[in-house]
Amino acid sequence: MEQVIANGLYLGAQYALIALGLTLIFALMNVLNFAHGQMYVLGGFVVYQVYGLMKLPFVVALVAAAATLAVLGALLERFLFRTVIRRSEREESTMLLAAGIAYFLDAAILLMFGEKQRGVHKIVSGVFVWDNLILPWDRILVAGLAVLFIVAFILMMQYTKPGRAMRAMAQDRTAAQLMGVPVQFYGLVGFALGAMLAGLVGGLLVTITGVNSGIGGPISIKAFMMVMIGGAGVTGGAIAGGFILGMLESVGLTVLHAYGDLTYLAIFVAMMIFLAIRPNGLMGKPWG
Amino acid sequence: MTDPILAVRDLTKRYGGLTAVNEVSFDVQEGEILSIIGPNGAGKSTIFKLISSFVTPTRGEVRFRGEVVSGLAAHVVARKGVVRTFQETTIFKGMTARDSVIVAHHLRSRASLFGFFFGTAAARRDEDAFGRSADEILDFLGLGAVRNELASNLPQGHLRALGIAIGLAADPKILLLDEPFAGMNVDETNQAVEMVRAVRDRGVTCLLVEHDMAAVMKISDRIVVINFGVKIAEGTPAAIRADEKVIEAYLGVEDESIGL
Amino acid sequence: MLRMVPLPRFAGEETGACCFPPPCSEAKRGRGTTRRVVEGARRSALGYLGDEPMSRTQGAGRAAAVAVFLAAVFVAIPWAIASTGRTDLYYTLSSVALLAIASGGVWLTFYIGRINIGQGAWALAGGYASAVLVATYGWSFWLSLPAAGLICAFASVLVGLPILRLRGVYFSMVTLVLTEVARLTALALPITNGARGITSIPTPGPIRLFGLTIVPAFDSLAEPNRAFYFLSAAMMTLCFAGLWRLVHSRLGQLFAALRQNEDLASSMGVNVPLLRVVAYAISSFLGGVGGAIFVAIAQSIYPSSFTINDSVNFMLNCFLGGLGFVFGPMLGTLVLYFGWDLLFQTGPYQLLIYSGSMILLMLVLPNGILSLLNLRRRAP
Numbered sequence: 001m002e003q004v005i006a007n008g009l010y011l012g013a014q015y016a017l018i019a020l021g022l023t024l025i026f027a028l029m030n031v032l033n034f035a036h037g038q039m040y041v042l043g044g045f046v047v048y049q050v051y052g053l054m055k056l057p058f059v060v061a062l063v064a065a066a067a068t069l070a071v072l073g074a075l076l077e078r079f080l081f082r083t084v085i086r087r088s089e090r091e092e093s094t095m096l097l098a099a100g101i102a103y104f105l106d107a108a109i110l111l112m113f114g115e116k117q118r119g120v121h122k123i124v125s126g127v128f129v130w131d132n133l134i135l136p137w138d139r140i141l142v143a144g145l146a147v148l149f150i151v152a153f154i155l156m157m158q159y160t161k162p163g164r165a166m167r168a169m170a171q172d173r174t175a176a177q178l179m180g181v182p183v184q185f186y187g188l189v190g191f192a193l194g195a196m197l198a199g200l201v202g203g204l205l206v207t208i209t210g211v212n213s214g215i216g217g218p219i220s221i222k223a224f225m226m227v228m229i230g231g232a233g234v235t236g237g238a239i240a241g242g243f244i245l246g247m248l249e250s251v252g253l254t255v256l257h258a259y260g261d262l263t264y265l266a267i268f269v270a271m272m273i274f275l276a277i278r279p280n281g282l283m284g285k286p287w288g
Numbered sequence: 001m002t003d004p005i006l007a008v009r010d011l012t013k014r015y016g017g018l019t020a021v022n023e024v025s026f027d028v029q030e031g032e033i034l035s036i037i038g039p040n041g042a043g044k045s046t047i048f049k050l051i052s053s054f055v056t057p058t059r060g061e062v063r064f065r066g067e068v069v070s071g072l073a074a075h076v077v078a079r080k081g082v083v084r085t086f087q088e089t090t091i092f093k094g095m096t097a098r099d100s101v102i103v104a105h106h107l108r109s110r111a112s113l114f115g116f117f118f119g120t121a122a123a124r125r126d127e128d129a130f131g132r133s134a135d136e137i138l139d140f141l142g143l144g145a146v147r148n149e150l151a152s153n154l155p156q157g158h159l160r161a162l163g164i165a166i167g168l169a170a171d172p173k174i175l176l177l178d179e180p181f182a183g184m185n186v187d188e189t190n191q192a193v194e195m196v197r198a199v200r201d202r203g204v205t206c207l208l209v210e211h212d213m214a215a216v217m218k219i220s221d222r223i224v225v226i227n228f229g230v231k232i233a234e235g236t237p238a239a240i241r242a243d244e245k246v247i248e249a250y251l252g253v254e255d256e257s258i259g260l
Numbered sequence: 001m002l003r004m005v006p007l008p009r010f011a012g013e014e015t016g017a018c019c020f021p022p023p024c025s026e027a028k029r030g031r032g033t034t035r036r037v038v039e040g041a042r043r044s045a046l047g048y049l050g051d052e053p054m055s056r057t058q059g060a061g062r063a064a065a066v067a068v069f070l071a072a073v074f075v076a077i078p079w080a081i082a083s084t085g086r087t088d089l090y091y092t093l094s095s096v097a098l099l100a101i102a103s104g105g106v107w108l109t110f111y112i113g114r115i116n117i118g119q120g121a122w123a124l125a126g127g128y129a130s131a132v133l134v135a136t137y138g139w140s141f142w143l144s145l146p147a148a149g150l151i152c153a154f155a156s157v158l159v160g161l162p163i164l165r166l167r168g169v170y171f172s173m174v175t176l177v178l179t180e181v182a183r184l185t186a187l188a189l190p191i192t193n194g195a196r197g198i199t200s201i202p203t204p205g206p207i208r209l210f211g212l213t214i215v216p217a218f219d220s221l222a223e224p225n226r227a228f229y230f231l232s233a234a235m236m237t238l239c240f241a242g243l244w245r246l247v248h249s250r251l252g253q254l255f256a257a258l259r260q261n262e263d264l265a266s267s268m269g270v271n272v273p274l275l276r277v278v279a280y281a282i283s284s285f286l287g288g289v290g291g292a293i294f295v296a297i298a299q300s301i302y303p304s305s306f307t308i309n310d311s312v313n314f315m316l317n318c319f320l321g322g323l324g325f326v327f328g329p330m331l332g333t334l335v336l337y338f339g340w341d342l343l344f345q346t347g348p349y350q351l352l353i354y355s356g357s358m359i360l361l362m363l364v365l366p367n368g369i370l371s372l373l374n375l376r377r378r379a380p
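Those protein sequences? They're chains C, L and S, same order as listed.
Mapped onto full-length UniProt numbering, the consecutive letters of the first sequence carry residue numbers 1 to 288.
Mapped onto full-length UniProt numbering, the consecutive letters of the second sequence carry residue numbers 1 to 260.
Mapped onto full-length UniProt numbering, the consecutive letters of the third sequence carry residue numbers 1 to 380.
Note that these hints are calculated values from the structure, not bench results.
Hints are supplied without guarantee of correctness; some may be wrong.
[What the hints assert, rightly or not] Derived CB-CB ranges, DEER-like: (1) C/5 to S/234: 54 to 60 Å; (2) L/56 to C/154: 31 to 37 Å; (3) S/84 to C/185: 55 to 61 Å; (4) L/56 to C/5: 38 to 44 Å; (5) C/79 to S/143: 50 to 56 Å; (6) S/190 to C/5: 50 to 56 Å.
Glycine included, each C-beta is placed from N, C-alpha and C at the ideal position.
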């Protein structure tokens with residue numbers, strides 16, 4: 001039992017961080033970033049390259065992953081999304097663009113890193129044992145780092161000037177603009193930040209589960225689910241959604257252990273029923 | 001007094017701990033223009049949504065011709081003849097003025113939708129009738145010249161008129177107008193006032209929610225005043241003008257000129 | 001014992017390699033001069049037909065365009081294929097037609113203002129429905145085809161009632177998940193035979209009326225693929241004619257009203273939830289029919305026959321063709337499918353170039369290919 005909860009919390013911390021990035025981009029730009037999972041994969045491969053192959057310290061690798069993704073996110077916003085949003089008659093067109101970018105990153109990652117599953121050696125070894133609970137130290141460290149990033153993100157959104165500006169933008173873009181918030185600039189910052197968060201989780205998790213070029217799409221779908229459960233565009237919702245999905249998976253895979261895929265079928269169906277009752281998720285505002 | 005066309009009884013709406021509307025009751029008589037006024041945030045809009053059934057009351061009820069309509073789906077209430085317009089210039093942006101009004105005739109159609117799919121005789125008859133009726137309504141509201149313009153290209157004043165035209169096309173017995181004079185200058189307001197009178201003269205009872213006191217005083221047969229979700233006064237414009245509670249409510253909450 | 005929690009597995013992983021391959025990856029690779037002719041003919045037909053809903057234009061030009069389209073699809077293409085001997089194109093073009101039917105359904109949900117990324121679920125459901133009816137219960141394919149469509153329509157009413165209340169991205173994300181639900185259900189149910197799928201499905205039998213054979217049994221034909229081409233093309237023509245009529249009827253006007261403003265529509269007495277479900281049911285019907293014929297051609301179906309990638313591609317077909325045009329999905333499917341095929345020779349760079357050009361196309365024509373028509377119309 002403790003084991004299941006611990007696993008759930010560990011998963012939840014990662015998931016929450018993934019969902020935060022997705023929900024940030026959605027809140028600021030009204031863009032559903034299909035390429036979020038691919039950004040995660042890219043972050044994993046950067047760490048694989050820097051930490052695994054070049055043998056530099058893990059911290060350096062993680063910073064490299066964050067920086068790479070932040071730059072990529074900024075470039076995507078500046079040169080692709082901004083243009084399409086301006087020229088398109090329907091804002092849904094950004095979904096096509098995002099899907100195209102997802103394909104593109106998939107292809108680029110496949111060309112650069114091949115299709116093999118890649119892993120790196122553990123960042124710390126050893127296992128934490130307490131009564132019935134057994135957890136490897138590296139998982140604890142990774143979960144701790146994820147929580148640290150989440151807290152840092154919340155503090156930044158709450159107390160810094162860019163954070164306040166972005167919150168205002170998420171509330172009401174037009175009003176924020178009228179109040180003198182440079183919305184274009186913060187759109188770019190938000191996109192970079194969202195991509196960076198995806199890269200950070202990828203960089204963290206590659207030390208435990210490894211990474212391969214094919215998991216981008218499935219990660220995106222998970223991120224969508226968390227955001228739906230919690231409510232799109234809301235920080236608290238993303239965190240709640242992440243922890244709920246992590247816990248559901250942990251419990252589900254234990255209880256329905258023998259049935260494998262049924263766990264996900266059950267989670268999906270439960271989520272659809274939940275959304276039928278609460279169309280905006282736990283904390284979301286009405287959309288549209 | 002005859003039976004009211006619309007009876008509001010003990011209408012209450014709570015959002016969490018907040019009571020937006022508290023035990024409001026009033027009647028609307030057939031053929032009158034009744035206005036609901038009150039300071040910003042007094043609960044007018046909530047009452048409006050409750051009557052048009054876009055929101056379900058926590059307690060109390062709305063009766064249309066003696067039949068309880070609160071709690072029914074919004075489109076069902078509209079079919080019975082309680083039709084609302086929207087405060088924002090909410091229209092079908094991608095359609096022409098005429099097409100918007102034709103679509104709004106939907107309720108009057110006798111042919112089935114599948115009849116329209118296959119173009120049966122009944123459907124074509126309806127189609128022609130709707131076209132004529134739409135033209136009549138557009139002319140009636142002074143929109144004849146712009147009937148083939150895309151709604152998104154129309155100026156503000158025409159949009160309001162189009163909103164009313166769409167409402168009229170749905171064949172209302174009572175038309176609920178949400179702040180029909182908001183954001184208008186004096187000339188535009190005077191025109192809009194004439195428009196609402198003309199609608200009433202067609203035999204459509206009008207219920208307004210409005211902020212513009214001057215226009216309300218000019219147009220209304222009776223006025224209901226709401227403050228903090230509670231009805232504080234009801235009566236003719238003259239009576240309302242003299243009511244101390246009303247003056248207090250307005251002057252106490254806002255220092256904006258209210259044109260008394 | 002330490003229990004590792006594995007990262008969950010989704011569709012793409014089983015097939016290995018990359019996660020988002022477009023659906024046509026197993027298609028026979030076809031190239032040839034005929035294609036350009038074909039494409040040109042179709043496009044000219046589209047040029048006349050593809051009209052913004054609600055506007056009324058001249059009937060004569062439209063009739064001519066329909067005639068050109070029919071002649072191209074049912075005479076010129078078969079003739080060109082016969083004279084060049086490129087019979088593999090029958091299979092390719094059948095696939096395009098069937099994917100276009102399913103995309104047409106997605107387009108209809110776009111038309112009521114919902115972004116549907118779940119058509120793969122209904123294509124899969126329709127495919128399984130037909131496969132089970134034919135292979136397990138011995139139905140005629142011709143009966144199973146409408147049955148598959150109706151089963152999908154009925155099921156989509158049940159699913160649609162709750163999820164159509166969701167708007168914007170919520171609906172999109174739920175439909176995306178729906179595709180996974182369909183796949184996992186197919187894996188779990190006994191009647192669908194799990195991961196092994198249903199194979200060796202008999203080809204369509206004959207249709208006889210009053211002792212006359214109207215359609216011969218497909219396995220008695222020298223070129224069953226040609227028969228499948230005619231079947232697919234005829235179904236596509238029928239479905240899009242129906243869709244066109246629908247959009248230009250009162251129902252279509254009401255759908256457009258829903259898209260533009262659901263609250264206003266309901267204030268006029270329009271039963272918004274009902275109409276939404278009707279549109280979704282028609283959409284799913286088209287998905288089911290497309291899937292059922294696909295299965296008849298492939299003679300097999302697996303849980304991975306239609307995946308999330310297909311769902312995304314159905315949506316992309318609509319976007320690419322242009323959402324303002326009934327015939328957009330047809331053009332979008334054709335271009336995406338052949339574009340993908342054409343890039344086969346670039347080997348490992350196929351997906352890179354494909355997605356790169358998709359991104360470029362979005363930058364240049366964010367409102368779809370057929371939006372070029374609007375530019376031309378506005379110019380003079």
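Here is how each hint holds up against the structure:
In this structure the hint that residue 5 of chain C and residue 234 of chain S lie 54 to 60 Å apart at CB holds, the actual value being about 59 Å. Here the CB-CB span from residue 56 of chain L to residue 154 of chain C is close to 36 Å, well matched to the stated 31 to 37 Å. At roughly 57 Å, the beta carbons of residue 84 of chain S and residue 185 of chain C sit within the given window of 55 to 61 Å. Judged by the Cβ atoms, the range 38 to 44 Å given for residue 56 of chain L and residue 5 of chain C holds: they are separated by roughly 40 Å.
The hinted range of 50 to 56 Å is satisfied by residue 79 of chain C and residue 143 of chain S, whose Cβ atoms lie roughly 54 Å apart. The hinted range of 50 to 56 Å is not satisfied by residue 190 of chain S and residue 5 of chain C, whose Cβ atoms lie roughly 34 Å apart.
Going through the hint list in order, the structure does not satisfy hint 6, though it satisfies all others.
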